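2 protein chains.
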Amino acid sequence: MTAGKPARNRRSAEQMLVELKRRLREISDLNAAGDVLNWDQATYMPVGGAGVRGRQRAMLNRLAHERAVAPALGRLIDALARYGESLPYDSDDASLIRVARREYQKKIKIPPDHVERATMLCSASYDAWTSARPANDFATMVPYLERTLDLSREYSSYFAPSKHVADPHIDDADANMTTASIRQLFGQLKRQLDPMVHAICEQPAADDSCLRQTFAKAAQFDFARHVAERIGYDLKRGRLDLTHHPFCTRFSAGDVRITTRVNENDLGDALFSTLHEAGHAMYEQGISGAVDGTPLGQGVSAGVHESQSRLWKNVVARSRGFGSIFTHRCNEFLRSSCQTFHLPCSIAPSIRWRDRSFAPTPTK
Amino acid sequence: MTAGKPARNRRSAEQMLVELKRRLREISDLNAAGDVLNWDQATYMPVGGAGVRGRQRAMLNRLAHERAVAPALGRLIDALARYGESLPYDSDDASLIRVARREYQKKIKIPPDHVERATMLCSASYDAWTSARPANDFATMVPYLERTLDLSREYSSYFAPSKHVADPHIDDADANMTTASIRQLFGQLKRQLDPMVHAICEQPAADDSCLRQTFAKAAQFDFARHVAERIGYDLKRGRLDLTHHPFCTRFSAGDVRITTRVNENDLGDALFSTLHEAGHAMYEQGISGAVDGTPLGQGVSAGVHESQSRLWKNVVARSRGFGSIFTHRCNEFLRSSCQTFHLPCSIAPSIRWRDRSFAPTPTK
Numbered sequence: 001m002t003a004g005k006p007a008r009n010r011r012s013a014e015q016m017l018v019e020l021k022r023r024l025r026e027i028s029d030l031n032a033a034g035d036v037l038n039w040d041q042a043t044y045m046p047v048g049g050a051g052v053r054g055r056q057r058a059m060l061n062r063l064a065h066e067r068a069v070a071p072a073l074g075r076l077i078d079a080l081a082r083y084g085e086s087l088p089y090d091s092d093d094a095s096l097i098r099v100a101r102r103e104y105q106k107k108i109k110i111p112p113d114h115v116e117r118a119t120m121l122c123s124a125s126y127d128a129w130t131s132a133r134p135a136n137d138f139a140t141m142v143p144y145l146e147r148t149l150d151l152s153r154e155y156s157s158y159f160a161p162s163k164h165v166a167d168p169h170i171d172d173a174d175a176n177m178t179t180a181s182i183r184q185l186f187g188q189l190k191r192q193l194d195p196m197v198h199a200i201c202e203q204p205a206a207d208d209s210c211l212r213q214t215f216a217k218a219a220q221f222d223f224a225r226h227v228a229e230r231i232g233y234d235l236k237r238g239r240l241d242l243t244h245h246p247f248c249t250r251f252s253a254g255d256v257r258i259t260t261r262v263n264e265n266d267l268g269d270a271l272f273s274t275l276h277e278a279g280h281a282m283y284e285q286g287i288s289g290a291v292d293g294t295p296l297g298q299g300v301s302a303g304v305h306e307s308q309s310r311l312w313k314n315v316v317a318r319s320r321g322f323g324s325i326f327t328h329r330c331n332e333f334l335r336s337s338c339q340t341f342h343l344p345c346s347i348a349p350s351i352r353w354r355d356r357s358f359a360p361t362p363t364k
Numbered sequence: 365m366t367a368g369k370p371a372r373n374r375r376s377a378e379q380m381l382v383e384l385k386r387r388l389r390e391i392s393d394l395n396a397a398g399d400v401l402n403w404d405q406a407t408y409m410p411v412g413g414a415g416v417r418g419r420q421r422a423m424l425n426r427l428a429h430e431r432a433v434a435p436a437l438g439r440l441i442d443a444l445a446r447y448g449e450s451l452p453y454d455s456d457d458a459s460l461i462r463v464a465r466r467e468y469q470k471k472i473k474i475p476p477d478h479v480e481r482a483t484m485l486c487s488a489s490y491d492a493w494t495s496a497r498p499a500n501d502f503a504t505m506v507p508y509l510e511r512t513l514d515l516s517r518e519y520s521s522y523f524a525p526s527k528h529v530a531d532p533h534i535d536d537a538d539a540n541m542t543t544a545s546i547r548q549l550f551g552q553l554k555r556q557l558d559p560m561v562h563a564i565c566e567q568p569a570a571d572d573s574c575l576r577q578t579f580a581k582a583a584q585f586d587f588a589r590h591v592a593e594r595i596g597y598d599l600k601r602g603r604l605d606l607t608h609h610p611f612c613t614r615f616s617a618g619d620v621r622i623t624t625r626v627n628e629n630d631l632g633d634a635l636f637s638t639l640h641e642a643g644h645a646m647y648e649q650g651i652s653g654a655v656d657g658t659p660l661g662q663g664v665s666a667g668v669h670e671s672q673s674r675l676w677k678n679v680v681a682r683s684r685g686f687g688s689i690f691t692h693r694c695n696e697f698l699r700s701s702c703q704t705f706h707l708p709c710s711i712a713p714s715i716r717w718r719d720r721s722f723a724p725t726p727t728k
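Residue numbers (the numbering used here), protein chains in the order written: chain A, 1 to 364; chain B, 365 to 728.
No lab work stands behind these hints, which were simulated from the structure alone. All clues stand as given, with none of them false.
Restricting the straight-line Cα-Cα distance to at most 25 Å, the calculated cross-link-like pairs of lysine-lysine (DSS-like) are:
1. B:Lys581 to B:Lys600
2. B:Lys581 to A:Lys217
3. B:Lys527 to B:Lys470
4. B:Lys581 to A:Lys236
5. B:Lys385 to B:Lys470
6. B:Lys600 to A:Lys217
7. A:Lys106 to A:Lys163
8. A:Lys107 to A:Lys163
9. A:Lys163 to A:Lys109
Quantities reported herein were computed from a predicted structural model and do not represent experimental measurements.
With the rest of the complex left out, here is chain A:
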């Protein structure tokens, strides 16, 4: 081997890395475009747009999938494997090559037409549900749910044999987790959670009826957005809108949106769901723009994502400190609709309990 060869190999690897990032960015952009269509469908699309929108989303997802399983992408990832191993394990490039390889190896097993059919069904189910939910009409949803279950089983079949039919889905959400590992984890947690839950249930039930008065919808929405911004959600790189069910969606590092819903008779619905989604969004907004458009430019797993959303919704937003800071601001927002909100002492026990860092010995 001549002295110049490693340098040439290195240069070539770097060129391949540029090509890998270009390909991954195109996949990411196609998925983001599909996500914009999805957000629009959930927020502002007129009812007439429903059928074709499903087809358009399905097409974008299929195109993204076709690119994600392109043999040329697979060859590029293979060719970069040794280069990736030569880099520090936690470096962006080593991680990118590793994660891209893992995703490729999973996606290559899924036929593009499955992706298209699943997206079509997802879109049609969502549209049906937006009418069925307010009418409390479960029967309408049954065939959609059955079809979803069929497609989920079909998805799992591409990864056969699995120890459990849910394993490929769990692995998508949390890499390398399985039904067995989750059962083990939940078993451990249960042993610690059981005494906590019993201790809580022995307390007098907290009176949170103060949250369940009638509050003007617009004031609730504005207040929820204000609180989300105060805890750190950047509205220059995001926005809050109304949907039937709250969610968080990322189109790029500079555009991570959240949605909420408002229940006129429950202040907690809009407030806590907004803070839950803001937790997801702040996690996504905190990811370096340098890895945007790659598989590293998104939350690492559903588990870590939920840890962020629930931290804000349950630990922060239900604490005494949070209540004492925001009760006054809440009243400022409600004043326009001639309402006020008071944090009553009667919900203090549960709040005090939470402030004690989830100590398993409750205050009696």
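Position chain B against the provided structure of chain A, taking the given hints into account.
Then chain B, alone, in the frame of chain A:
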């Protein structure tokens, strides 16, 4: 030739037609997805989304263009030419094959990277303009306009030689029109318009100051939407939103949206621009869903499109009949902000003049 052969050819042509429509639908869906991203950028996108959004739109437009110039599409169109000619000229299928052929023959001349660069520039120009316009900052826009001119000339160069550099652009908007044919048309119109314009100018200037009071923005917006709906714009298959500049955009036969802008000191701005865009939208909403997703599923030309928008804005909405119907409703909308609007007699002459079917002899 055996007796069975024409039947076999016919069947084969019909199969090819199905394949042609599938390919055209994919192109249409990609363009529609790009249009959703464009609408979102103009309406609700947070500022942080700007840079990447341009890249995402450019990618979708490039993918649509690549499909629009695919050699397999060209072969399909060629193979269907004789079949198309065997059908009645005005039938949907004959028209589709003819129009698809025309579009293919134009688009094949444009390199995909031009499409990508032009979309990127368009997106960046729009973002710059949204800040430059309120600041009345023309200097910022100059380099964007120069670059746009460069790209427009570059576009024309792909169709060289043309008699005039604008001809390829005019032909895109109005098929088979050229600078020369427009000059001839405008020359003819000028001879008829000149006496009309002079007659109008000899009238005392209409006093339309009634439109230029201060009107609450929300009431104006709601009123404009109400009028658009009353004249026939279907809000189940469309919606009205605010943008820096009004436009109409179609994502499918069931989703044709319009936008407007509201000037607190001019009732006419929101009202007339909304009715202008509603004119475009009603034309698009009137197209048969059967040709949706094909080149026939959109307005036939910019000329016909503007004839619709201007008919509603200028002929209908500035007529006495329109004023007498909607003044009362306008006041109902404005009442919430303690305002009323009166149609004064002083603007009657110009209105009466218009009611006389554009007769070139004005009322003195």
